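2 protein chains.
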Amino acid sequence: MNNSDRFLEILEAEFDRHSYGENPLELYEPIKYIMALGGKRFRPLMTLLATSIYSEDFSIAIKPAMAVEVFHNFTLMHDDIMDRAPLRRGKPTVHEKWNANTAILSGDVMLIRAYDLLLDVPKEKLRQVLLRFNQTAAEVCEGQQLDMNFETRQNVTEEEYLEMIRLKTSVLLGFALELGGILGGADAESIQMLYSAGENMGIGFQLKDDLLDVYGDPSKFGKQVGGDIIANKKTFLLIEALSKAEGHLKTELEKWLMLENFNNNEKVEAIRNIYEALDIKAFTEQKINEYFTRGLSNLNELKIENPRKETLLNFVKQLVEREK
Amino acid sequence: MNNSDRFLEILEAEFDRHSYGENPLELYEPIKYIMALGGKRFRPLMTLLATSIYSEDFSIAIKPAMAVEVFHNFTLMHDDIMDRAPLRRGKPTVHEKWNANTAILSGDVMLIRAYDLLLDVPKEKLRQVLLRFNQTAAEVCEGQQLDMNFETRQNVTEEEYLEMIRLKTSVLLGFALELGGILGGADAESIQMLYSAGENMGIGFQLKDDLLDVYGDPSKFGKQVGGDIIANKKTFLLIEALSKAEGHLKTELEKWLMLENFNNNEKVEAIRNIYEALDIKAFTEQKINEYFTRGLSNLNELKIENPRKETLLNFVKQLVEREK
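From first to last, the protein sequence lines stand for chains A and B.
Read in order, the letters of the first sequence correspond to residues -10 to 313 in the numbering used here.
Read in order, the letters of the second sequence correspond to residues -10 to 313 in the numbering used here.
No wet-lab data here; the hints were simulated from the structure.
Don't take each hint at face value.
In this list, chains with the same sequence are indistinguishable; a pair is considered to hold if it fits within one copy or across any two.
Claimed, not checked - Quick list of in silico lysine-lysine cross-link-like pairs, PhoX-like style, CA-CA up to 25 Å: (1) Lys292 to Lys114; (2) Lys52 to Lys114; (3) Lys86 to Lys21; (4) Lys292 to Lys270; (5) Lys86 to Lys239; (6) Lys86 to Lys233; (7) Lys112 to Lys52; (8) Lys270 to Lys244; (9) Lys209 to Lys223.
As the structure is a prediction and not an experimental result, all values here were calculated from the model.
Put together the whole structure using the sequences plus the hints.
This is how it looks when you write it as structure tokens:
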């Protein structure tokens, strides 16, 4: 078993064992529920992998790594209310299974419990970790607000979109790696490099998500292929298409975006054809590559010769290759 | 100007000056809005008054005291969504003025900003302060959940009700005083005593709120007198009446609770008569007195001869006498 599999097993066992609280049941059941829905746990894994580059004792990072995952799931619980999402990982969302009030309040407690788990860092590092966590957490909220703002805006630029996904998803990945570096005892420059690696990879992952929604293999992709197109979601691809389309392509694109009654497959096909004509797929792949390359070179630049650096690199490369 | 007026002035100036963040506007405007609605700020005042008993330099407690107030207002923002409250301090609630999504997300950021303000404590006290704050914050959420649970329950015992208000409102008052003690450098026993004082006073204040809703002077009481009666709110008075009423009083009480169409004044009058017959007013006043007496004696027991202890005592006594 390689290190990342071993770390995943340890994390899952810790999550199983962990108590978020007991009474009242209505408050704590939804936390257990969402945490048990699974997910790849790659944020806390990255924390542990980063710690283990610099320290023989990765176990000091387990609770703080869990904090990152609990925080991430808190944002999912609240985002799902805001997005009126019925399903999360194929199961009813908390506000659907219980109600919105429960999802608000259980989410609030999850955020507090994330802070509890973060307290498990060495005393002399607590302030630094919390300062960075607070900044990250606020940025994630800023990203979610921008995402909601974009829904009702006509024009969103590529730059604005990239900044939104940086805040909404990348900074937490950056923090996950940075936290691992801080706890492992890395120097300030390496800690910054780990953060940048996570930030770059995170943007790459989100762009890849956008791409897979349109071009993913339906047998491998977890969600409905074309879901974003059907919902007019302002993805990187749509934003590029909107900025590049001219003449009849522009008319055609705007027609499909305005249409209220349509056949799903027809719309997906039509938008795909527009993307094809505008070379959006290749452009997006190039962007993804750019961010992944930057992220990987951030990791390569870490000034340490330790085989465990390879473990982190291999883990990240495998995430890069995923098709779902 | 006495100390508590001076502290209030300093606090208000700090709140005015404080930035919770700027972009996106939609996220941070609601925070400025709710914080500017006012309120008596008696939680942070208690922190400063407690610090100043033990330390010449109360200024070290300003930011942490503000954290308590920001946290309190975060709970108001989220509770108002859950309670579908249209007004807060006579102004539209955040979810009414903007929408529920905004109130959820701005609230989340407020909680994070409260943690930011708490980081402003001496390094060696940070872990202790955060441990206690986390526990308090989770308990406040537990209290809110219990409060919501009680709405749909037939029978709530006096004991359950007291525990609910202890969690929902008292523990934060306890923490406000405890925090002041910790920052001022009080010994462990005094810190515990300050907490107990806040806890006891807090229960007294909530019971007094319940009482004033029924017996308050309409010209002094901020809200509609009888509002809880009209809404069938399970207050201490109603819970006592439900447990004590027998025979025709019980029938009469249950009739009014079931009635869907009624004249407000008639219902308030009828329930008041039932309370009268069951001696609920005197019983509630006695309970309030009990908690206030306990709280004040906790403060009196603080082993310190310092005129600033009198300032805190006088401030608390003045809160006890309030009629709105």
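To see whether the hints hold, each was checked on the structure:
no.: 1; hint: Lys292 to Lys114; result: within (22 Å within a copy, 35 Å between copies)
no.: 2; hint: Lys52 to Lys114; result: both (14 Å within a copy, 21 Å between copies)
no.: 3; hint: Lys86 to Lys21; result: within (13 Å within a copy, 34 Å between copies)
no.: 4; hint: Lys292 to Lys270; result: neither (36 Å within a copy, 74 Å between copies)
no.: 5; hint: Lys86 to Lys239; result: neither (42 Å within a copy, 37 Å between copies)
no.: 6; hint: Lys86 to Lys233; result: neither (42 Å within a copy, 38 Å between copies)
no.: 7; hint: Lys112 to Lys52; result: both (14 Å within a copy, 21 Å between copies)
no.: 8; hint: Lys270 to Lys244; result: within (21 Å within a copy, 69 Å between copies)
no.: 9; hint: Lys209 to Lys223; result: within (23 Å within a copy, 53 Å between copies)
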